[in-house]
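Colleague: Residue numbers (the numbering used here), protein chains in the order written: chain A, 1 to 229; chain B, 230 to 436.
Do not take every clue at face value.
Here chain B is said to cover these stretches of chain A; the calculated rule only asks that three of the stretch's residues, wherever they fall, bring their Cβ under 8 angstroms from a Cβ of chain B [said to hold, decoys possible]:
{"id": "1", "region": "18-31"}
{"id": "2", "region": "52-66"}
{"id": "3", "region": "133-140"}
{"id": "4", "region": "144-154"}
{"id": "5", "region": "180-187"}
To be clear about the criterion: a stretch of chain B counts as covered by chain A if any three or more of its residues have a C-beta under 8 angstroms from a C-beta of chain A, and this derived list gives those stretches [said to hold, decoys possible]:
{"id": "6", "region": "244-251"}
{"id": "7", "region": "335-342"}
{"id": "8", "region": "394-408"}
Chain A side only, calculated, beta carbon under 8 angstroms to chain B, not exhaustive [as the list claims (entries may be wrong)]:
{"id": "9", "residue": "R92"}
{"id": "10", "residue": "K160"}
{"id": "11", "residue": "A190"}
{"id": "12", "residue": "A194"}
{"id": "13", "residue": "P196"}
Hints were generated in silico from the structure; no laboratory data involved. Virtual Cβ for every residue (Gly too), placed ideally from N, Cα, C.
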Amino acid sequence: MTQTHSAGTPQPAKRRRWNATDLGLIAVFAALVAASALVAAIPVGGLGVPITLQTLAVMLTGLALGPGRAFAAVGLYTLLGLAGLPIFSGGRSGLGILAGPSAGYIIAFPLAAAAVGWLAAVVIRRTVKFRSVLLFISAMATSIVLVHGLGIIGMMVNAKLDFSKAFLADLPFYPGDIIKNVLAVTVAIALHKAFPDLLVRRVRQLPQKAATPEAATPGAAAPEASAQQ
Amino acid sequence: MRGHGFLLANYVPGTSLIHRMPLWLKFLLVLACGMASFLIVDWRLAAGALAVLCGLFLLSGAGPMRLFRAVRPLLPILLVLGAFQWWQLGGPVAVRIVLNILLCVVAASLLTATTPLHRLLDGVVSLARPFQRFGADPERFALTIAIMLRSIPFIAGAFSDVRDSARARGLERNPRALVLPVFITTVAYARHTGEALAARGLGEPED
Chain A
1 MTQTHSAGTP
11 QPAKRRRWNA
21 TDLGLIAVFA
31 ALVAASALVA
41 AIPVGGLGVP
51 ITLQTLAVML
61 TGLALGPGRA
71 FAAVGLYTLL
81 GLAGLPIFSG
91 GRSGLGILAG
101 PSAGYIIAFP
111 LAAAAVGWLA
121 AVVIRRTVKF
131 RSVLLFISAM
141 ATSIVLVHGL
151 GIIGMMVNAK
161 LDFSKAFLAD
171 LPFYPGDIIK
181 NVLAVTVAIA
191 LHKAFPDLLV
201 RRVRQLPQKA
211 ATPEAATPGA
221 AAPEASAQQ
Chain B
230 MRGHGFLLAN
240 YVPGTSLIHR
250 MPLWLKFLLV
260 LACGMASFLI
270 VDWRLAAGAL
280 AVLCGLFLLS
290 GAGPMRLFRA
300 VRPLLPILLV
310 LGAFQWWQLG
320 GPVAVRIVLN
330 ILLCVVAASL
340 LTATTPLHRL
350 LDGVVSLARP
360 FQRFGADPER
370 FALTIAIMLR
380 SIPFIAGAFS
390 DVRDSARARG
400 LERNPRALVL
410 PVFITTVAYA
420 RHTGEALAAR
430 GLGEPED
């Protein structure tokens, strides 16, 4: 599976295979997405509006691991959920999900993780300033295009709604998504500060073009990120 | 959540005809039901197909409670959807749409109710086999699945630990305090798992 997944995602020119640590990260982040679908929603803000953690975990997997490994992790989660493991939200599972109105969101998860991972890798490689803003823009763009786009298509196909109705049915998810993406970016920046080589290590192996001074030294890049936070 | 019990939730042991059916045949059945939901245009046909599948489900010995539990999470959405489409497109079409979704859900839960989890996972791993010539490695794939399964209870436990400690500090309304430590724990745990694998010579690519 590792190869079939990495085949479709951008890899460094000299493609190297995932080692044991990559395997551990893929497996544990897949478990993280599964666990975040099973635990209760967390309250946010003064009113304590509950938000579910699943899309947050998907986005953070992308922001933390980069495109290839994030696609593998979330793809593994989706594959096992479809195979019948009760790990989708609410303890649902099985291929029956694909017939329900929420099918589009489930299919979008691995693609969204890969897309936001790719954008995050570009942001961390190319920029020093305003990283949190750029990461938030990447996450929002991925949410709108992939998660909401495929979610709307899923409702149109399975529930036979027309576009405007499906769009309206999808609209209530936007406020929660904005909160989740803000949270995802703050956590991702702290995560890259705590583990500077989580994503940047791979960046350093890219051709010379990407080796700008700040990207080449992850230790120096991390404090810059914290200054922006 | 600290055990693996939740993984057994769906399987019902038994020796019925459906239990003994090979996995690929059951999978084809689910796939056929998925296709049927696009092809069936008459609600009476959909109701008949659904009745046949419900009969199969009850024949497998899983019982009507299981059947109800399989469709229960979808019922509120289906009620809203059915009412809305009844208003928009008329009765027969609305009934057909709802019945077709139920058909797929019952077929899929028939598969999971009659197949033990390890057989399902073996089936997933065998999906990687055709790609072996392109460098796919079913062994490492299976290893990754096994690590994921044993990590789910740990991560769910981390969520509840972090929630408890945030509450103890009066931060139960602070989402950052509720989420960030879980992710730090996750990455650290993944790294330790990777090191443990490497120390045992597992999980490294063979070339």
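Colleague: Next step is simple, just say for each hint if it's right about the structure.
Modeller: Hint check:
Taking a C-beta to C-beta cut-off of 8 angstroms, the region 18-31 of chain A contributes 14 residues in contact with chain B, enough for the three needed, and the coverage statement holds. Counting residues of the region 52-66 of chain A whose beta-carbon sits less than 8 angstroms from any beta-carbon of chain B gives 4, enough to reach three: the coverage restraint holds. Coverage of the region 133-140 of chain A by chain B is violated in this model, with 0 residues showing a Cβ closer than 8 angstroms to a Cβ of that chain against a need of three. Interface restraint, the region 144-154 of chain A with chain B: violated (0 residues with C-beta to C-beta distance below 8 angstroms; minimum three).
Counting residues of the region 180-187 of chain A whose beta carbon lies closer than 8 angstroms to any beta carbon of chain B gives 3, which reaches the threshold of three, so the coverage claim holds. As drawn, the region 244-251 of chain B meets chain A at 0 residues by the rule of a beta-carbon pair under 8 angstroms; below three, the given contact is violated. Check on the region 335-342 of chain B: 6 of its residues sit with their Cβ under 8 angstroms from a Cβ of chain A, so the three-residue criterion for coverage holds. Coverage of the region 394-408 of chain B by chain A holds [criterion: at least 3 residues with CB-CB distance below 8 angstroms; count 6].
Hint status for R92(A) relative to chain B: holds, with the closest Cβ pair at about 5 angstroms, below 8 angstroms. Satisfaction of the interface hint for K160(A) is found here, the shortest Cβ-Cβ separation to chain B being roughly 5 angstroms, below the 8 angstroms cut-off. Hint status for A190(A) relative to chain B: holds, with the closest Cβ pair at about 6 angstroms, below 8 angstroms. A hinted interface residue such as A194(A) counts as satisfied when its beta carbon comes closer than 8 angstroms to some beta carbon of chain B; here the least separation is about 6 angstroms, so the hint holds.
Interface hint status for P196(A): violated, as the beta-carbon distance to the closest one in chain B is roughly 12 angstroms, over 8 angstroms.
Violated hints for the displayed structure, listed by number in ascending order: 3, 4, 6, 13.
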